[in-house]
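Trainee: Let the sequences and hints guide you as you build the complete structure.
In terms of numbering that gives the first Met the number 0, the sequence shown has 244 at position 245, counting the first letter as 1, and numbering is strictly consecutive.
Warning: the hint list may mix true and false statements.
[Stated by the list, open to error] Pairs of lysine-lysine residues, derived as DSS-like cross-links and limited to a Cα-Cα distance of at most 25 Å, are as follows: (1) Lys-214 - Lys-21; (2) Lys-230 - Lys-121; (3) Lys-32 - Lys-82.
[Unchecked claim] Between beta-carbon pairs, the in silico distance windows are: (4) Leu-165 - Lys-207: 49 to 59 Å; (5) Asp-79 - Asp-56: 14 to 24 Å; (6) Asp-151 - Glu-195: 12 to 22 Å; (7) Gly-12 - Gln-199: 34 to 44 Å; (8) Gly-12 - Asn-168: 15 to 25 Å; (9) His-26 - Thr-116: 35 to 45 Å; (10) Gln-108 - Ser-13: 18 to 28 Å; (11) Lys-192 - Asn-115: 46 to 56 Å.
Rather than coming from a laboratory, the hints here were simulated on the basis of the structure.
Here the structure is a predicted model, which is why all the values come from computation and not from measurement.
Virtual Cβ for every residue (Gly too), placed ideally from N, Cα, C.
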Amino acid sequence: MKIINLYCEGKRGSHDFDILEKVIEGHLNITIKPIGGKYGANAIMEYQEKNGNARSDFYLLFRDRDFDAPVPTAEQLHFDNKKTYYSYRTTIENYLLDVSTFFDFLQEQRNNYELNTEEAVKALFIKVAKELKYYQAVRHTLGALRFANSFDTTWVVGSGTLPNALDLNSCKTNAWQLIEKALHKSQQKWTEKTFETTLQDFLTRFDKVFFDELKFLVYYQGKDFAKALTKELPSFPIDNYYKYAKKYFDYTKYADLVELRAIIEQQLV
Numbered sequence: 000m001k002i003i004n005l006y007c008e009g010k011r012g013s014h015d016f017d018i019l020e021k022v023i024e025g026h027l028n029i030t031i032k033p034i035g036g037k038y039g040a041n042a043i044m045e046y047q048e049k050n051g052n053a054r055s056d057f058y059l060l061f062r063d064r065d066f067d068a069p070v071p072t073a074e075q076l077h078f079d080n081k082k083t084y085y086s087y088r089t090t091i092e093n094y095l096l097d098v099s100t101f102f103d104f105l106q107e108q109r110n111n112y113e114l115n116t117e118e119a120v121k122a123l124f125i126k127v128a129k130e131l132k133y134y135q136a137v138r139h140t141l142g143a144l145r146f147a148n149s150f151d152t153t154w155v156v157g158s159g160t161l162p163n164a165l166d167l168n169s170c171k172t173n174a175w176q177l178i179e180k181a182l183h184k185s186q187q188k189w190t191e192k193t194f195e196t197t198l199q200d201f202l203t204r205f206d207k208v209f210f211d212e213l214k215f216l217v218y219y220q221g222k223d224f225a226k227a228l229t230k231e232l233p234s235f236p237i238d239n240y241y242k243y244a245k246k247y248f249d250y251t252k253y254a255d256l257v258e259l260r261a262i263i264e265q266q267l268v
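Mentor: If you want it as C-alpha cells, here you go:
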C-alpha cells in the first residue's frame, strides 16, 4: 500500500487540518502533517521526508494563497511546479464562510440577530464586503507588487486585525508608505503610478456583479471578512460557528478541493 503525506499549515485541529480530513476521508494511508506557518515549508517537508519513520511514496503541501499567488481565472488549484498546491480561495477561512451554513447556524442560536432568511444573511455579507472593498483591493495590490523581503500586505499587526480607517484615501496612503520604505532599500524602479494602476484594476474588478455573486468570498482575506462580520453582530460566537461549519463541511462544493483529492488519488493507483 502506498504512503501519501499531505502537508498543511497550522496544527492538528486547525481549520487547514480539519478541512483536509474531510477531503481525504476514506483513505487510511494518507497522513496529514501540519507544519505550523508557511515560512520554510519546503525545508521542513524535505527534512521530514528524509528523517521520518517511514518514507512516503508521494507528498505535497496544500496551503492557502493569502496574496502570495494570483487568483486563478478558473476555480482550480494553483501549482508551483514543485510540491505546493495553492487554494483557489484566498484563505482557508473562506471555505467556512458560507451564506447557507451561516443561516443554519444562526437558527440554532438563542439570538439569530433577526436574520430570518438566507437572503437576509446574504444582504449582510454583501454590506460587510462593501465596507471592506478598499482595504481588500489595496491588500491585493500590495500582494501583486511585492517582491522578496519587501513589504507585507497590510500595515496593521495581527492576522484578522482591521485598520481603524477603511476609506480609500487612508488605505492608499498607508499602503504607499509601506512600498516607499521598501523601494528605498531595493533596486526596484517602479513608481506610484504602477501602484495606482494596479489598484484600479482591482477596484474595477470589485463591481456590482462581484458583490451580487458573492465573489468576495473567494477574493477577500477570510479573517478580515469574519472580523468585520462579527462587528455587525455583537457577541457573535465565531469560534462556535467555525466548529459548526467544519462539522457539516462538504468539500465537493469546491472544485479545487475536489481536484486536490483527485491528485492524491492518482498517486494511489
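Trainee: Is 46 to 56 Å right for how far apart the beta carbons of Lys-192 and Asn-115 are?
Mentor: Taking Cβ atoms as reference, Lys-192 and Asn-115 lie about 49 Å apart, which means the hint holds.
Trainee: For the pair supplied as a hint, Lys-214 and Lys-21, confirm whether the alpha-carbon distance does not exceed 25 Å.
Mentor: Holds, at about 24 Å.
Trainee: Holds or violated: Lys-230 with Lys-121, Cα cutoff 25 Å?
Mentor: 16 Å, holds
Trainee: Has the hinted range 12 to 22 Å been met by the Cβ atoms of Asp-151 and Glu-195?
Mentor: 20 Å, holds
Trainee: So the hint says 14 to 24 Å: do the beta-carbon atoms of Asp-79 and Asp-56 match that?
Mentor: Check passed, 21 Å falls within 14 to 24 Å.
Trainee: Using the C-beta atoms of Gly-12 and Gln-199, is the stated range 34 to 44 Å upheld?
Mentor: 41 Å, holds
Trainee: Given the range 15 to 25 Å, decide if the beta-carbon distance of Gly-12 to Asn-168 lies inside it.
Mentor: 41 Å, violated
Trainee: Take a look at whether the Cβ-Cβ distance between His-26 and Thr-116 falls inside 35 to 45 Å.
Mentor: At roughly 39 Å between Cβ atoms, Thr-116 and His-26 fall inside 35 to 45 Å, so the hint holds.
Trainee: Within 49 to 59 Å: is that where the Cβ-Cβ distance between Leu-165 and Lys-207 falls?
Mentor: At 19 Å between Cβs, range violated.
Trainee: Checking one constraint from the list: CA of Lys-32 to CA of Lys-82, max 25 Å. Satisfied?
Mentor: Cα-Cα ~14 Å, so holds.
Trainee: Is it true that Gln-108 and Ser-13 lie within 18 to 28 Å of each other by Cβ?
Mentor: Check passed, 24 Å falls within 18 to 28 Å.
Violated hints for the displayed structure, listed by number in ascending order: 4 and 8.
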